[in-house]
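K.L.:
Letter by letter, the chains look like this.
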Amino acid sequence: MPFIPHTKADVASMLAVVGAADIDELFDEIPANLRARDSGDGDAAGLTEMETLRRMAERARADETGPCFLGAGAYDHHIPSAVWDIAGRGEFMTAYTPYQAEASQGTLQLVYEFQTMMSELTGMDVCNASVYDGGSGLAESILMAVRAGERRRTGGRAGSRPRAGGSRRVVLAGAVNPLYAAAARNIVGQQGIEISQLPHGENGLADPGLLKDLAEPPAAVVVQQPNFFGLLEDVDAVTDQARECGALTIGCVNPLTLGLLKAPADWGEGGADIACGDGQPLGIPMASGGPSFGFICTRQSLVRQLPGRIVGRTRDLDGKPGFTLTLQAREQHIRRAKATSNICTNQGLLVTAATIYLSLLGPEGLRNVASACHARTRALVAALDLPRRFDSPYFHECVLRLDRPAQPVVEALAARGILGGLALGPYFSDLADCLLVCATEKRTARDIRQFSDSLDDAVRKAA
Amino acid sequence: MPFIPHTKADVASMLAVVGAADIDELFDEIPANLRARDSGDGDAAGLTEMETLRRMAERARADETGPCFLGAGAYDHHIPSAVWDIAGRGEFMTAYTPYQAEASQGTLQLVYEFQTMMSELTGMDVCNASVYDGGSGLAESILMAVRAGERRRTGGRAGSRPRAGGSRRVVLAGAVNPLYAAAARNIVGQQGIEISQLPHGENGLADPGLLKDLAEPPAAVVVQQPNFFGLLEDVDAVTDQARECGALTIGCVNPLTLGLLKAPADWGEGGADIACGDGQPLGIPMASGGPSFGFICTRQSLVRQLPGRIVGRTRDLDGKPGFTLTLQAREQHIRRAKATSNICTNQGLLVTAATIYLSLLGPEGLRNVASACHARTRALVAALDLPRRFDSPYFHECVLRLDRPAQPVVEALAARGILGGLALGPYFSDLADCLLVCATEKRTARDIRQFSDSLDDAVRKAA
Amino acid sequence: METIFDLARAERRASAQVPARESIEDLPESALRAEPPGLPEVSELQAVRHYTRLSGNNFSIDTQFYPLGSCTMKYNPRGAHRAASAPGFLDRHPLAPESVSQGFLACLHELQQILQRVTGMGSVSLTPMAGAQGEFAGVAMIRSYHAARGDTGRNQVLVPSTAHGTNPATASMCGCVVREVAVGSDGDVDIEALKAAVGPETAGLMTTNPSTCGLFERRIEEVAAIVHEAGGLLYYDGANLNAVLGKVKPADMGFDVLHLNLHKTFATPHGGGGPGAGPVGAGEVLAPYLPGPMVEKTVDGYRWMEPPETMGRLSAFMGNAGILLRALAYALMLGPEGMRRVGEFATLNANYLATRLQHAGFDIAYPDRRACHEFIVTLARQKRECGVTAMDFAKRLLDYGVHAPTTYFPLLVPECFLIEPTETESKETIDAFVEAMTSVLAEAASNPELVRSAPHTLPSKRLDDVEAARRLDLRWRPAHASHRSDPSTSG
Amino acid sequence: METIFDLARAERRASAQVPARESIEDLPESALRAEPPGLPEVSELQAVRHYTRLSGNNFSIDTQFYPLGSCTMKYNPRGAHRAASAPGFLDRHPLAPESVSQGFLACLHELQQILQRVTGMGSVSLTPMAGAQGEFAGVAMIRSYHAARGDTGRNQVLVPSTAHGTNPATASMCGCVVREVAVGSDGDVDIEALKAAVGPETAGLMTTNPSTCGLFERRIEEVAAIVHEAGGLLYYDGANLNAVLGKVKPADMGFDVLHLNLHKTFATPHGGGGPGAGPVGAGEVLAPYLPGPMVEKTVDGYRWMEPPETMGRLSAFMGNAGILLRALAYALMLGPEGMRRVGEFATLNANYLATRLQHAGFDIAYPDRRACHEFIVTLARQKRECGVTAMDFAKRLLDYGVHAPTTYFPLLVPECFLIEPTETESKETIDAFVEAMTSVLAEAASNPELVRSAPHTLPSKRLDDVEAARRLDLRWRPAHASHRSDPSTSG
Ligand SMILES: Cc1ncc(COP(=O)(O)O)c(C=O)c1O
Ligand SMILES: Cc1ncc(COP(=O)(O)O)c(C=O)c1O
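Residue numbers (our numbering), protein chains in the order written: chain A, 816 to 1278; chain B, 816 to 1278; chain C, 3 to 493; chain D, 3 to 493.
Misleading hints may appear alongside valid ones.
[Said to hold, decoys possible] Within a straight-line C-alpha distance of at most 20 Å, the following computed SDA-like cross-link-like pairs (lysine to any residue) qualify:
1) D:385 - D:455
2) B:1153 - D:163
3) C:463 - C:403
4) C:197 - C:184
5) C:385 - C:363
6) B:1135 - D:459
7) C:299 - C:312
8) B:1027 - B:1055
9) C:463 - A:1134
10) D:463 - B:1134
11) C:463 - A:1136
12) D:299 - B:1027
13) A:1135 - D:403
14) B:1135 - D:482
15) B:1027 - B:1059
[To be verified] Rough simulated footprint, nothing fancy, chain D against chain A, three-plus residues with beta-carbon under 8 Å:
16) 817 to 824
17) 859 to 866
18) 1190 to 1203
[Said to hold, decoys possible] Derived DEER-like restraints, expressed as beta-carbon distance ranges:
19) A:1261 - B:1241: 36 to 46 Å
20) C:308 - A:1261: 34 to 44 Å
21) B:840 - D:459: 21 to 31 Å
22) D:301 - B:1241: 21 to 31 Å
23) D:459 - C:448: 39 to 49 Å
24) D:89 - C:179: 48 to 58 Å
25) C:448 - D:89: 57 to 67 Å
26) D:389 - B:1084: 28 to 38 Å
27) D:4 - A:1149: 33 to 43 Å
28) C:308 - A:1272: 29 to 39 Å
29) D:115 - B:1061: 46 to 56 Å
30) A:1007 - D:430: 11 to 21 Å
31) C:34 - A:1261: 22 to 32 Å
32) C:184 - A:1007: 22 to 32 Å
Rather than coming from a laboratory, the hints here were simulated on the basis of the structure.
Cβ coordinates follow ideal geometry from the N, Cα and C atoms, glycine included.
Given the sequences, and given the hints that come with them, work out the whole structure.
P.N.:
Take a look at the structure:
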């Protein structure tokens, strides 16, 4: 009986206290026809830990590849060993959501520090303690923006949730991660909120001019920096233009690049209103895309629209500072049908890892890692010697053009142990011959040479 | 400056307090000709953690092999994940020897529990908190036995360390691990103690009769169970015969096998006097042989001869039980030149792992693992279909005979990714065609098949 | 209460983590930040020591008994954590081609099958990243179903008044209107109220079984029939499945769609707030609408697949993949036999604890009912008699080295504790909890102020929630910098 | 103080760790045990929780400042731990053929070279498993050298009276006679006493530099000349090398052989008692006698090698291989530049701390000397004036959340603290330590009983060593079984 400590003697004495003849009797309120209908198939004992590890390790091993040049929202960064040595401690890993503040000061203080670090990176006033991932982060940001618009029109009656009033439409300006966009659409679509895509220009960038031409002002404009193609958007212009039409700006950002790039709060004249993204680059393994965490930062004025946990600093009975979950009145367990979001369990452990990561890197470390990623990507682009698809400045990721469909090339590279980037055809039909490549600070000159040799080989083969 | 937290401002203010102009001035007592003679070669900066891990991981990867059928003192057992998750906690890993008992109750209580478990396994009264490894464990056991013999002859004046009196000779009865024997010889030889080998019989076992024939009674008889060939010695007869000649019995044991095999304290009429061995099978990775730990268990009457740390239970000022290092008067830091041993730093962290391992396995787990090891080895012997070199009962390891020198076969197997056992030629010149093989509970039927197929192949190739 | 920012000094760094700076001259100035972000500048030792110390200020399963009702705080096997941490999984890029992902896909497929077997649902999609997202998927699927049939007026989701907050919140997020259904005094749904509530606007009913009162809804088949007859569908909130794991299949009770909380029933660690995973399972009717991606087995190996009428993806990639792997490892270690024992022993522990607390003088909310892996104690009498609230009681328990049960949930029962011991706790631990409860009970009578001002032995005394919400302080600022106060000198 | 045995119950088990029992019918009954060993029978959660909790009863570098003199308790980089934990290293069998061990051998060879560079010794053997075993190898090598020259009368090993206990103990273990040499009031070896001590029986001198007083032996060259002239050789106890790492090479000081404590100078974790590693280095004269195995680089790759006159192996396999790998990772992260900074900043911290403590009213044992990465405070005056011993003082410091310095060592200085802050601690941490020391100093005057009865805030009050030694209780027995006492209810 794995993980069950009961001895026969324990069971007997416990049943005696309860006054039941056997354990089965404890299930006597369950209609008999519902019970244990299939005890037939269910008698196999479990595997030992050793056997389980063997089975799973063999499968894991089968999936190991050589160097990874795939990015597109998940990045193969170095993770300092201390990050998971500490985040993996039982006291962080096996605690619940910190409802009992006095017994959870470790997690609470850490989240408060996290909120501070994310606020610093984005320049925003506040950050929540995570949503699920970059995709749900974008969705929740859009919901926030729509609610904020409604509040503005209805004079700010919080919680009144009028269906009329603000716009229920949001526009994506240019190349926003299509996987985020899809998730967001599926989520906000349930509330009848529409997400429309403003096409990117021939230079791969959002065209702020298109915002001017919108018939009706949207609730928000979403812009990603660097955008999905790795290009640096003119976020200042987009933000200013969004403000002009009365829309909020939602900046979708890779937090690691904020070591170098302008903070969303500093975009344009007034800054973005919401910054969201995925925290995976901050010390989180790619792990097939999850668990990672989404984050949402915003202005103080929008904090009551922010979904998810928020930790505040307060005092205890002795007047000593301490931390506690706060603004819970926004949340499902208090506000139920009127909550800002249904999120309950979030991605706390990943926030723990990211907080330790950011502490270890500091401002200089983060900047240098970002600069190293960019330098490696530049070296990669030079080594592969393929034409760039867009000629605006790129950062850390880049779209290259092949002279043939990219998907078979990616497959051929994989067979050679190289994850050679993302074939863009499935996402942008006009880019079927394009490859989105990326190199992190982990990629060596040798890795890049291996890619370029394999590419020659794969292209020859695929030809 | 890796791992140095000083800012420029810190340095300046600290130097101001000290009253030195620069750090170099702090070294002004060192004769100038000794200082910094080679700052020339010494200016290269270090690698980052990422670069270091890359360099070392590449090397580690180069050494990965397929299934391991090597034993001979190091065994590829399953280690429950909890073992190193807990032993690796900073509070265990980065603590010093528990000199300040009140600030070290974690380690101290754990060692007390360890002493208890090892005493239970060996049947002995006491166990120390480890020596370096199985080899040094045997050496220290021999030194103990010689000292005990001297004490007996001199009426027990502890610390008088007479050079005359007891015998300064110890005999190894039969096949004791030759690597342990070599280490022991090199260590005890410095004190003029002689270790002589009584040959094993044609059946591979120690011949108790040879003890009878010894001219002078030795201080101790060493017998290994199972012996180096994996054979089950008649430890009862050896122990009885040793006692008969007035020698102590030192049992060298694999602690994992004591889940099944008779405890040394129960050997023969009176039991062995000292049980020693290597703790590696108890949750410690093979890791090229170290770190692991040696242990020594003995009778209460010999406790003052026991080298190394010992933890005792005592009470605090409130009368509450607690733990502390005890009998320190045996040790180098108190007794200096008259200490029982020079050991100071021991193998504490490995003891931590072993204690957690034994707690997770319990009596049934240990017994079942031991029985599984034996069953796999039996399956291996059957599958390889080679003649056994000795026909006495074996346990968990077995000597097989090839029709050619074994060393080239081992090399050929290694080239096929199989660690196919130990060629005995380098250790026993008459066994050059013999292979000592072993299978642990981790070896699957598929592993065994792979070995047997590779062996066919390798033998054909080496033919 | 020193923060990492208090430890920081300008230009200090953990150099081994800082690569050389590379040129970024090709980047437009306008895209760059003028000032570096105000991240802490600390040494590696400072970071390690700070966060190691912080960890010590948490209660956790690994250190304390944690009988938090509805949360299933059972042992999180270290082996499952290790299984998911194999480099081949951790380093796998989510968009890696299927050809180099067969091991990972095999694991997901195996988990889909195990969850199908255990729920009785024909199809399972693993992508939702927590229970609430699983609920979202389920309600969205129900809506799609009605929409596909042109049955467009069904906009109401019924929930029992005992429902977990995520149920109504989810229904709202899906654009539905929530309608609460009363629960009878016996803890079961009030059948008459249900009958009155259903109608042509009913999209469906969301409920748990056992309910959040720790009671098995005995007339679940009747409930299902009523909803089905009214044209609605049934959503099973699987957060409480631990109670009947391997004993009862939700599909057999009449549910059409469900989610499971792998971070509860399947023992993946809760991480101080998450991550979790909330796979959704559906019967024939709703299976076509499941969110993607799912995994199917073909003659050429495993591949990603989208159900025909899928509601689409809910996450950028494949949900919380690492949690799914942990759950698979756990399921493999249990096997079908172990799975059944989970429900049995969770239930035994709950009933034993309930009985002992009752004997110790506590009021059990539903004394005539069997406890189903959790149960409710109400401290309304203590509040009345001693002026000690459930929250006071909870805080005082912390001083005894046990985590408090869930307080004030479900909302139905005043001053309540929802207590869930889980199957991985021993009789001795439960007995010790009874002792602690009994002591606090005595204290509540003899020294209520001691209880009201608890906790007394933790890093913080009782924290002021009201102040926290009133004077929002959500991030450190230099003004907070604390000079190290004198070290503790208690004697 | 619940032990794992108190948690055990017959037939309880952590089943996921217990494989099926296999037949052992082929084994002779006489070889088998009649009774199973009395190991604890606990669940996996119980074991995890018990040992997690125990860990919380330790001070450690990761949680506290640990200025234990002579022990160099510096930060143990987590990256070095991870580097050594790669599966290819952890799973490597010690007797694996060289052909499948090239990665491991390359690491050892690289470390040999780094240690050669840093010590100035021409050859380094990595096998000794701790400092004391390194010393053993060194003294044995000196003996072999004399023996090889037929110089058989050299049986005396000289050690300064400040020597660490392992030095004389090692000399004894090597069958030598120990002769102590006095140390002058300035802390340096008394040259006249040394001259008087050397002679035809002198095998060699063992000493550290800086000495255990934290002082650089200024006349080390003269000391070396005297011993060498007398026909003896010089052994360098490298336990204190951290002070001058990268600044001074022991070979340049005239030493013939040495060991390094990688678990001190090279930052491998001390593990609550070990493991360590004590590589030995030798100059030309003694290199042939080094213990094996060593690693050499040939055109065909790396291979194991034994020096021509080797004293042989000291361990079954290759010493504490995993510790060697950690030390290599550390050395790589430092690089030669970082290596030099170690000595510089360790020395800066020590001198700063010594000065501040002196200003705070403490008596520094050698106030006119530079502190070399550690220094001595003597509390003899406090003992005289307040009746508070160094041990009392040490125990009281624990209440301030810092580990106590080394007490009563070296033996030379009464009521002493040997204080070594190490280079990885920040100025703020050192300042906080000064504050703690200052507070205890004040308490010693104002409330000596508070100090004498310390500690007050730890899991145990002052423990009775005398009782422990008098009534030996070295293992749990069923009679110890404690019923859980009432949980703490302090308020
Ligand atoms: C009954 C019930 N339903 C739903 C949920 C929501 O699950 P999650 O927190 O994973 O979103 C919970 C978890 O707290 C719960 O207890
Ligand atoms: C000065 C000195 N020499 C030698 C040693 C012995 O080293 P080890 O403990 O590694 O055997 C120590 C360690 O405590 C020491 O401080």
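K.L.:
Hint says 29 to 39 Å; check whether the CB-CB distance for residue 308 (chain C) and residue 1272 (chain A) agrees.
P.N.:
33 Å, holds
K.L.:
Per the coverage rule (Cβ-Cβ under 8 Å, at least three residues), is the segment 859 to 866 of chain A covered by chain D?
P.N.:
Per the Cβ count (4), the hint holds.
K.L.:
Holds or violated: residue 463 (chain D) with residue 1134 (chain B), Cα cutoff 20 Å?
P.N.:
Given pair residue 463 (chain D), residue 1134 (chain B) holds - Cα atoms ~9 Å apart, limit 20 Å.
K.L.:
Hey, residue 1153 (chain B) versus residue 163 (chain D), does the alpha-carbon distance stay inside 20 Å?
P.N.:
Judged against 20 Å, a Cα distance of about 15 Å means the pair holds.
K.L.:
Okay, residue 459 (chain D) versus residue 448 (chain C) on CB: inside 39 to 49 Å?
P.N.:
Given a distance of about 28 Å, which is not inside 39 to 49 Å, the answer is violated.
K.L.:
Return holds or violated for the Cβ distance of residue 1007 (chain A) and residue 430 (chain D) against the range 11 to 21 Å.
P.N.:
Cβ of residue 1007 (chain A) to Cβ of residue 430 (chain D): about 56 Å, so the range 11 to 21 Å is violated.
K.L.:
Taking only the CA atoms, is the gap from residue 463 (chain C) to residue 1134 (chain A) under or equal to 20 Å?
P.N.:
Distance of about 9 Å is within 20 Å: holds.
K.L.:
Using the C-beta atoms of residue 34 (chain C) and residue 1261 (chain A), is the stated range 22 to 32 Å upheld?
P.N.:
For residue 34 (chain C) and residue 1261 (chain A) the Cβ distance comes to about 30 Å; the hint holds.
K.L.:
Confirm or reject the claim that residue 448 (chain C) and residue 89 (chain D) have a C-beta distance inside 57 to 67 Å.
P.N.:
Because 59 Å falls inside the window, the suggested range holds.
K.L.:
Does residue 459 (chain D) sit within 20 Å of residue 1135 (chain B), going by the straight-line distance between their CA atoms?
P.N.:
With Cα atoms ~14 Å apart, residue 1135 (chain B) and residue 459 (chain D) stay inside 20 Å; holds.
K.L.:
Taking 21 to 31 Å as the stated bounds, is the beta-carbon spacing between residue 301 (chain D) and residue 1241 (chain B) within them?
P.N.:
23 Å, holds
K.L.:
Is it true that residue 840 (chain B) and residue 459 (chain D) lie within 21 to 31 Å of each other by Cβ?
P.N.:
Roughly 40 Å apart at Cβ, these two residues miss the hinted range, so it is violated.
Hints 12, 18, 21, 23, 26 and 30 from the earlier list are contradicted by this structure; the remaining hints agree with it.
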